[in-house]
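In order, the protein sequence lines correspond to chains A and B. The opening residue of the first sequence carries number 1 in my numbering; numbering runs sequentially from there. The opening residue of the second sequence carries number 1 in my numbering; numbering runs sequentially from there.
Keep in mind the hints are simulated off the structure, nothing from the lab. One should not assume that every hint holds.
Stated by the list, open to error - No more than 20 Å apart at the CA atoms, straight line, and that leaves these computed lysine to any residue pairs for SDA-like:
(1) K595/A x E9/B
(2) K13/B x F593/A
(3) K6/B x Q674/A
(4) K256/A x V42/B
(5) K256/A x F44/B
(6) K6/B x F593/A
(7) K262/A x S41/B
(8) K363/A x Y35/B
(9) K13/B x T241/A
(10) K595/A x H12/B
(11) K256/A x S41/B
(12) K78/B x G687/A
(13) K363/A x N40/B
(14) K595/A x L15/B
(15) K78/B x H679/A
(16) K595/A x R8/B
(17) K595/A x W34/B
(18) K256/A x L45/B
(19) K595/A x L45/B
(20) K363/A x R37/B
(21) K6/B x S331/A
(22) K239/A x G46/B
(23) K595/A x K78/B
(24) K285/A x S331/A
(25) K6/B x R681/A
(26) K363/A x W34/B
(27) K595/A x H7/B
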Amino acid sequence: MSAVMSENRAFLLQLRKYYGIYTGGFIAFVIALAIAEQMGMSRQWIGYWFLFATIALYAVIGIMSRTVDAAEYYVAGRRVPAFFNGMATGADWMSAASFIGMAGTLYLSGFDGLSFVMGWTGGYVLVALFLAPYLRKFGQFTIPDFLGARYGGNIVRSIGIFAAILCSFTYVVAQIYGVGIITSRFTGLEFGVGVFVGLGGILVCSFLGGMRAVTWTQVAQYIILIIAYLTPVVWLGIKHTGIPVPQIAYGAVLQKVAQLEKKITDDPKEKESRALAKAAADEAKAAPKDIAKATAARKELLDKKLAEAKASNQPPHVIKSIEDAIGYWPSDTTKAAGFFAGRANLAANAAPPRAHAEPFPGKDEAARDAARRNFLGIVFCMMFGTAALPHILMRYYTTPSVRQARTSVFWSLFFIFLLYFTAPCLAVLAKYDVYSNLVGSRYSDLPAWAAAWRLVDPTLLTITDLNFDGIVQLAEIAIGGDIIVLATPEIAGLPYVVSGLVAAGGLAAALSTADGLLLTIANALGHDLYYKMIAPTAPTARRVAVSKALLLIVAIVAAWVTSYKPGNILFLVGAAFSLAASAFFPALVLGVFWKRANKWGAICGMVAGLGICMYYMSVTYPFFRDLLGVTQPIASYQWWNMNAISAGVFGVPVGLLTIWIVSLLTPAPERQVQELVDHVRYPVLSGDIETRGT
Amino acid sequence: MQLTDKHREYWHKNLVITAILMVVWFIATFVEGWYARELNSVTFLGFPLGFYMSAQGSLIIYVVIIFIYARYMNNLDKVYGVHEGDDE
Chain A
1 MSAVMSENRA
11 FLLQLRKYYG
21 IYTGGFIAFV
31 IALAIAEQMG
41 MSRQWIGYWF
51 LFATIALYAV
61 IGIMSRTVDA
71 AEYYVAGRRV
81 PAFFNGMATG
91 ADWMSAASFI
101 GMAGTLYLSG
111 FDGLSFVMGW
121 TGGYVLVALF
131 LAPYLRKFGQ
141 FTIPDFLGAR
151 YGGNIVRSIG
161 IFAAILCSFT
171 YVVAQIYGVG
181 IITSRFTGLE
191 FGVGVFVGLG
201 GILVCSFLGG
211 MRAVTWTQVA
221 QYIILIIAYL
231 TPVVWLGIKH
241 TGIPVPQIAY
251 GAVLQKVAQL
261 EKKITDDPKE
271 KESRALAKAA
281 ADEAKAAPKD
291 IAKATAARKE
301 LLDKKLAEAK
311 ASNQPPHVIK
321 SIEDAIGYWP
331 SDTTKAAGFF
341 AGRANLAANA
351 APPRAHAEPF
361 PGKDEAARDA
371 ARRNFLGIVF
381 CMMFGTAALP
391 HILMRYYTTP
401 SVRQARTSVF
411 WSLFFIFLLY
421 FTAPCLAVLA
431 KYDVYSNLVG
441 SRYSDLPAWA
451 AAWRLVDPTL
461 LTITDLNFDG
471 IVQLAEIAIG
481 GDIIVLATPE
491 IAGLPYVVSG
501 LVAAGGLAAA
511 LSTADGLLLT
521 IANALGHDLY
531 YKMIAPTAPT
541 ARRVAVSKAL
551 LLIVAIVAAW
561 VTSYKPGNIL
571 FLVGAAFSLA
581 ASAFFPALVL
591 GVFWKRANKW
601 GAICGMVAGL
611 GICMYYMSVT
621 YPFFRDLLGV
631 TQPIASYQWW
641 NMNAISAGVF
651 GVPVGLLTIW
661 IVSLLTPAPE
671 RQVQELVDHV
681 RYPVLSGDIE
691 TRGT
Chain B
1 MQLTDKHREY
11 WHKNLVITAI
21 LMVVWFIATF
31 VEGWYARELN
41 SVTFLGFPLG
51 FYMSAQGSLI
61 IYVVIIFIYA
71 RYMNNLDKVY
81 GVHEGDDE
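Required output: the full structure, derived from the provided sequences and hints.
Take a look at the structure:
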């Protein structure tokens with residue numbers, strides 16, 4: 001025993017040394033590129049360097065960690081120290097949606113977006129208290145493993161496999177989509193090519209070394225992603241708050257934002273632009289029917305306005321702004337379609353800006369109450385989903401002991417917290433910058449970042465002079481959420497190398513999550529379905545080989561689905577959480593905490609929870625309604641005005657209740673099951689049974 | 001495998017600390033969320049309190065809850081002799 005311990009200790013010291021050197025090396029790499037930029041390296045090359053150097057790095061770690069041993073492949077040999085497992089979980093957890101999307105969501109929806117911040121952190125309390133230590137003691141390879149052992153029989157295991165694949169696949173598509181977007185934006189590669197470059201990065205790692213390679217790559221990816229996220233925010237924080245820890249000091253900035261909101265609401269020029277916003281958006285929405293005609297109409301209007309402005313002796317900046325608008329309006333129809341898509345987003349600007357810190361705004365008391373219920377509903381689903389997503393729970397199989405599994409949840413949440421308490425701060429700082437610097441500036445003299453980004457992608461940033469006064473009003477700006485993180489380095493006035501760093505961070509976030517998810521799916525098929533149900537006598541080498549082959553197939557299918565660009569990523573991610581919560585949480589937790597829970601209870605509970613969740617989504621979410629031909633209004637199906645994303649609010653209690661009732665109606669589980677429950681409850685028990693997978 | 005009274009006591013203590021921490025979690029999450037509008041009339045560190053809690057305060061509470069649980073249980077393991085040896 002003590003030999004194992006001193007071995008673990010030596011391993012820990014070695015890891016600290018390696019990752020210390022690695023972090024230093026990465027910072028040196030960024031500095032070297034910054035110097036190269038000063039000496040004239042082009043932006044495209046900086047993008048390539050970040051993309052290929054980081055993917056090559058992950059590949060090297062993958063190759064170094066290659067393995068054919070089952071315990072190494074499935075649970076990284078159970079030697080990942082708590083601290084490093086925390087980092088790996090952080091990277092596993094924080095996806096493209098967290099890294100790129102979160103701050104944007106907070107920028108656009110203010111307080112109400114905080115439901116995701118709370119849900120995606122508070123869920124770890126449930127992981128720590130109800131699951132991680134017990135799963136670690138159980139010590140096999142997958143979540144269906146636990147369900148199969150605890151409830152017995154292949155039916156529970158099969159439902160587990162189905163649910164694990166359903167939620168992980170929904171989620172992985174969103175990640176691969178993120179990879180495609182980032183690589184294409186920062187290197188100019190085609191979206192499809194970007195997807196496959198990223199996929200190569202994912203595969204070379206998880207394919208060769210399974211959980212072992214994924215773990216050590218995820219630690220490396222966490223370090224990159226947190227450096228990338230914090231660097232520009234700290235800079236922007238110094239600019240607006242004067243101290244390098246803006247997270248504690250942005251209250252003052254939030255107050256200034258509130259004052260600006262009031263000023264903008266009452267400003268007569270803003271009112272004028274707000275009145276015009278809806279018409280402009282409607283016109284843009286109608287444009288795709290005949291782009292050429294809409295473009296011609298637009299040009300004609302601008303020409304007319306220019307003539308008017310000249311005739312009435314408007315000041316030069318007004319004339320110049322109209323001339324610029326004429327100059328930059330594209331003649332090619334694909335580009336013009338993009339411009340109209342951006343202008344269509346002006347629709348929201350007909351209303352005055354919402355108060356950033358105000359919870360649950362609404363037109364009357366009923367609407368505010370519904371907003372509050374939905375806020376808490378999302379918090380609930382994200383929390384219980386966190387404590388049920390197989391790719392996260394799996395990570396706690398990899399620590400050396402129960403003790404370290406507990407500590408590891410602490411480190412996980414700590415590392416996640418670093419990003420999640422920064423995102424609301426970034427949203428406020430960016431909003432202050434937009435409200436104070438961009439609003440009120442002249443079209444002929446826009447801040448550099450705004451001038452650059454409006455040309456990159458109009459759906460991310462459209463600024464258009466609605467009342468032709470040559471001055472930017474807030475109602476004339478339509479912002480896509482993703483720009484907040486992507487443009488922060490430029491808003492803060494940092495060199496392009498930091499933008500490249502942010503892209504590398506976003507890529508690390510998307511790749512690390514995709515790694516974990518693909519592994520979960522492949523293991524559900526290779527380990528649970530093939531080995532446990534079809535070929536229990538298969539030798540280890542073949543089991544691992546089958547898992548690897550399946551991984552490849554799943555990855556290709558996922559990339560193929562992604563190439564269809566399925567819409568609304570945030571809904572897909574949210575749906576995965578609700579589904580996971582409804583299917584897994586009740587069966588897993590009652591499995592540990594209630595000895596009387598039995599096989600039929602679990603079967604009925606999982607089916608009922610998942611069923612009610614899927615039913616609710618299919619009748620209240622437009623995409624599924626269209627698919628199934630549901631025609632009655634959404635409101636007639638809704639319970640307590642809950643939105644489709646929060647379907648888990650019904651799934652979880654129904655699952656818990658069903659397990660309880662059905663278990664009591666059917667015979668108690670056998671003695672062996674009772675022994676298994678005692679086994680997972682105590683880290684060490686004399687005369688204990690052995691459940692660890694090999 | 002026979003459970004002694006000591007084992008049952010260990011499990012009971014685990015349930016008690018779990019229940020206490022869950023109550024704290026529930027207040028920091030759902031009670032706080034329900035009354036966020038009312039809390040916003042208080043100012044804390046320059047923030048409206050409801051906003052501060054949802055953006056930062058509750059998150060810190062979650063981190064602390066897990067820290068306390070891990071410490072308490074890792075210690076309890078030793079007191080009740082169900083610990084796994086002295087690795088960190």
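Taking the hints in turn, this is what the structure says about them:
no.	hint	result
1	K595/A x E9/B	17 Å, holds
2	K13/B x F593/A	13 Å, holds
3	K6/B x Q674/A	18 Å, holds
4	K256/A x V42/B	17 Å, holds
5	K256/A x F44/B	15 Å, holds
6	K6/B x F593/A	18 Å, holds
7	K262/A x S41/B	17 Å, holds
8	K363/A x Y35/B	19 Å, holds
9	K13/B x T241/A	46 Å, violated
10	K595/A x H12/B	14 Å, holds
11	K256/A x S41/B	17 Å, holds
12	K78/B x G687/A	18 Å, holds
13	K363/A x N40/B	19 Å, holds
14	K595/A x L15/B	14 Å, holds
15	K78/B x H679/A	17 Å, holds
16	K595/A x R8/B	14 Å, holds
17	K595/A x W34/B	34 Å, violated
18	K256/A x L45/B	14 Å, holds
19	K595/A x L45/B	47 Å, violated
20	K363/A x R37/B	15 Å, holds
21	K6/B x S331/A	81 Å, violated
22	K239/A x G46/B	18 Å, holds
23	K595/A x K78/B	25 Å, violated
24	K285/A x S331/A	18 Å, holds
25	K6/B x R681/A	13 Å, holds
26	K363/A x W34/B	18 Å, holds
27	K595/A x H7/B	16 Å, holds
Hint compliance for this structure: hints 9, 17, 19, 21, 23 are broken, all remaining hints hold.
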